[in-house]
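Please put together the full structure from these sequences, using the hints given.
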Amino acid sequence: ILKALEWYMNPPTLHQFAFMFCKIHSSREMYTDLESYIHETTRYQIELAIFVPQILAKFKPSVIAYAALKNVEEKIAADKPHIVPADMKQSYEALTSHTGVIMDPTAVARCKALLKGVCPELPDLGFFH
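Residues in the sequence shown are numbered consecutively from 5, following the numbering used here.
Hints are supplied without guarantee of correctness; some may be wrong.
[As the list claims (entries may be wrong)] Simulated DEER-style distance windows between Cβ atoms:
#1 Lys-120 with Glu-10: 42 to 50 Å
#2 Lys-7 with Pro-127: 39 to 47 Å
#3 Pro-85 with Leu-52: 24 to 32 Å
#4 Ala-82 with Asn-14: 30 to 38 Å
#5 Ile-106 with Phe-23: 16 to 24 Å
[Unchecked claim] With a Cα cut of at most 30 Å, we get these calculated BS3-like pairs of lysine-lysine:
#6 Lys-7 with Lys-64
#7 Lys-27 with Lys-116
#8 Lys-79 with Lys-116
#9 Lys-64 with Lys-120
#10 Lys-64 with Lys-27
#11 Lys-64 with Lys-74
#12 Lys-64 with Lys-116
#13 Lys-27 with Lys-120
#14 Lys-116 with Lys-62
#15 Lys-64 with Lys-79
For the record, the hints were derived by calculation from the structure and aren't laboratory data.
C-beta atoms are modelled at their ideal positions from N, C-alpha and C, and glycine is treated no differently.
Structure representation (C-alpha coordinates):
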(Lines of atoms letter the chains of each structure in order from A and count residues from 1; the text may use other names and numbers.)
(Lines give C-alpha, C1' and ligand atoms only; values in the text may rest on other atoms or scores of the structure.)
Protein backbone atom coordinates (compact mmCIF):
# COMPACT_ATOMS: atom_id res chain seq x y z
CA ILE A 1 0.00 0.00 0.00
CA LEU A 2 2.80 2.43 0.92
CA LYS A 3 4.54 1.84 -2.41
CA ALA A 4 1.31 2.41 -4.33
CA LEU A 5 0.81 5.69 -2.48
CA GLU A 6 4.49 6.57 -3.02
CA TRP A 7 4.70 7.14 0.68
CA TYR A 8 8.15 6.87 2.22
CA MET A 9 8.86 6.15 5.85
CA ASN A 10 11.92 7.31 7.74
CA PRO A 11 13.83 4.94 9.99
CA PRO A 12 13.68 5.58 13.75
CA THR A 13 15.97 8.36 14.99
CA LEU A 14 18.36 8.39 17.92
CA HIS A 15 15.79 10.24 20.00
CA GLN A 16 13.02 7.80 19.15
CA PHE A 17 15.17 4.85 20.20
CA ALA A 18 16.18 6.63 23.41
CA PHE A 19 12.55 7.39 24.24
CA MET A 20 11.48 3.81 23.55
CA PHE A 21 14.35 2.25 25.52
CA CYS A 22 13.79 4.54 28.50
CA LYS A 23 10.05 3.86 28.41
CA ILE A 24 10.57 0.11 28.83
CA HIS A 25 13.47 0.42 31.25
CA SER A 26 13.05 -1.71 34.37
CA SER A 27 13.65 1.08 36.89
CA ARG A 28 10.76 3.24 35.61
CA GLU A 29 8.22 1.40 37.69
CA MET A 30 10.36 1.11 40.82
CA TYR A 31 11.81 4.60 41.10
CA THR A 32 9.79 7.32 39.41
CA ASP A 33 12.34 9.95 40.41
CA LEU A 34 14.90 8.13 38.23
CA GLU A 35 12.64 8.13 35.19
CA SER A 36 13.41 11.68 34.09
CA TYR A 37 17.09 11.31 34.99
CA ILE A 38 17.45 8.19 32.85
CA HIS A 39 15.68 9.75 29.88
CA GLU A 40 17.30 13.18 30.05
CA THR A 41 20.83 11.88 30.61
CA THR A 42 20.47 9.36 27.79
CA ARG A 43 19.16 12.13 25.55
CA TYR A 44 22.01 14.45 26.59
CA GLN A 45 24.61 11.90 25.48
CA ILE A 46 22.98 11.24 22.13
CA GLU A 47 22.72 14.96 21.45
CA LEU A 48 26.46 15.22 22.00
CA ALA A 49 27.03 12.14 19.81
CA ILE A 50 25.38 13.90 16.87
CA PHE A 51 28.48 16.08 16.55
CA VAL A 52 30.93 13.15 16.51
CA PRO A 53 31.23 11.57 13.06
CA GLN A 54 33.12 8.54 14.46
CA ILE A 55 30.01 7.59 16.41
CA LEU A 56 27.34 8.37 13.82
CA ALA A 57 29.21 6.68 10.97
CA LYS A 58 30.08 3.48 12.83
CA PHE A 59 26.96 2.67 14.84
CA LYS A 60 23.25 2.27 14.25
CA PRO A 61 20.96 4.68 16.10
CA SER A 62 19.68 1.82 18.27
CA VAL A 63 23.22 0.96 19.40
CA ILE A 64 24.04 4.60 20.22
CA ALA A 65 20.87 5.03 22.25
CA TYR A 66 21.37 1.75 24.09
CA ALA A 67 25.04 2.51 24.82
CA ALA A 68 24.02 5.89 26.25
CA LEU A 69 21.40 4.17 28.41
CA LYS A 70 24.00 1.68 29.67
CA ASN A 71 26.30 4.60 30.61
CA VAL A 72 23.43 6.07 32.64
CA GLU A 73 22.91 2.73 34.37
CA GLU A 74 26.61 2.66 35.31
CA LYS A 75 26.36 6.19 36.72
CA ILE A 76 23.35 5.24 38.85
CA ALA A 77 25.08 2.06 40.06
CA ALA A 78 28.22 4.02 40.99
CA ASP A 79 26.42 6.85 42.79
CA LYS A 80 23.53 4.99 44.42
CA PRO A 81 24.21 1.24 44.40
CA HIS A 82 21.46 0.63 46.95
CA ILE A 83 18.74 1.85 44.57
CA VAL A 84 19.84 -0.13 41.54
CA PRO A 85 17.14 -2.70 40.86
CA ALA A 86 18.42 -6.22 40.44
CA ASP A 87 16.77 -6.47 37.06
CA MET A 88 18.41 -3.28 35.74
CA LYS A 89 21.31 -5.46 34.74
CA GLN A 90 18.86 -7.54 32.72
CA SER A 91 17.69 -4.57 30.64
CA TYR A 92 19.15 -6.02 27.45
CA GLU A 93 16.95 -9.08 27.73
CA ALA A 94 13.92 -6.89 28.40
CA LEU A 95 14.83 -4.67 25.46
CA THR A 96 15.09 -7.52 23.01
CA SER A 97 11.92 -9.20 24.22
CA HIS A 98 9.85 -5.97 24.04
CA THR A 99 11.22 -4.51 20.83
CA GLY A 100 12.85 -7.29 18.86
CA VAL A 101 15.98 -5.12 18.54
CA ILE A 102 19.12 -7.25 18.74
CA MET A 103 22.51 -5.60 19.11
CA ASP A 104 26.09 -6.75 19.02
CA PRO A 105 27.47 -6.45 22.59
CA THR A 106 30.91 -5.60 21.19
CA ALA A 107 29.49 -2.67 19.22
CA VAL A 108 27.61 -1.49 22.31
CA ALA A 109 30.82 -1.62 24.38
CA ARG A 110 32.80 0.33 21.75
CA CYS A 111 30.05 2.91 21.45
CA LYS A 112 29.83 3.28 25.24
CA ALA A 113 33.56 4.02 25.35
CA LEU A 114 33.28 6.64 22.61
CA LEU A 115 30.32 8.27 24.36
CA LYS A 116 32.33 8.40 27.59
CA GLY A 117 35.05 10.22 25.65
CA VAL A 118 32.52 12.78 24.45
CA CYS A 119 30.83 13.06 27.84
CA PRO A 120 33.25 11.86 30.54
CA GLU A 121 31.09 13.12 33.41
CA LEU A 122 27.34 12.63 33.50
CA PRO A 123 25.14 15.00 35.53
CA ASP A 124 24.43 14.21 39.19
CA LEU A 125 21.35 12.16 39.94
CA GLY A 126 19.35 15.13 41.25
CA PHE A 127 20.18 17.39 38.31
CA PHE A 128 16.87 17.03 36.42
CA HIS A 129 14.47 17.49 39.34
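Quick rundown of the hints versus the structure:
no.	hint	in the structure
1	Lys-120 with Glu-10: 42 to 50 Å	43 Å, holds
2	Lys-7 with Pro-127: 39 to 47 Å	45 Å, holds
3	Pro-85 with Leu-52: 24 to 32 Å	26 Å, holds
4	Ala-82 with Asn-14: 30 to 38 Å	36 Å, holds
5	Ile-106 with Phe-23: 16 to 24 Å	19 Å, holds
6	Lys-7 with Lys-64	25 Å, holds
7	Lys-27 with Lys-116	20 Å, holds
8	Lys-79 with Lys-116	12 Å, holds
9	Lys-64 with Lys-120	17 Å, holds
10	Lys-64 with Lys-27	19 Å, holds
11	Lys-64 with Lys-74	15 Å, holds
12	Lys-64 with Lys-116	13 Å, holds
13	Lys-27 with Lys-120	23 Å, holds
14	Lys-116 with Lys-62	12 Å, holds
15	Lys-64 with Lys-79	23 Å, holds
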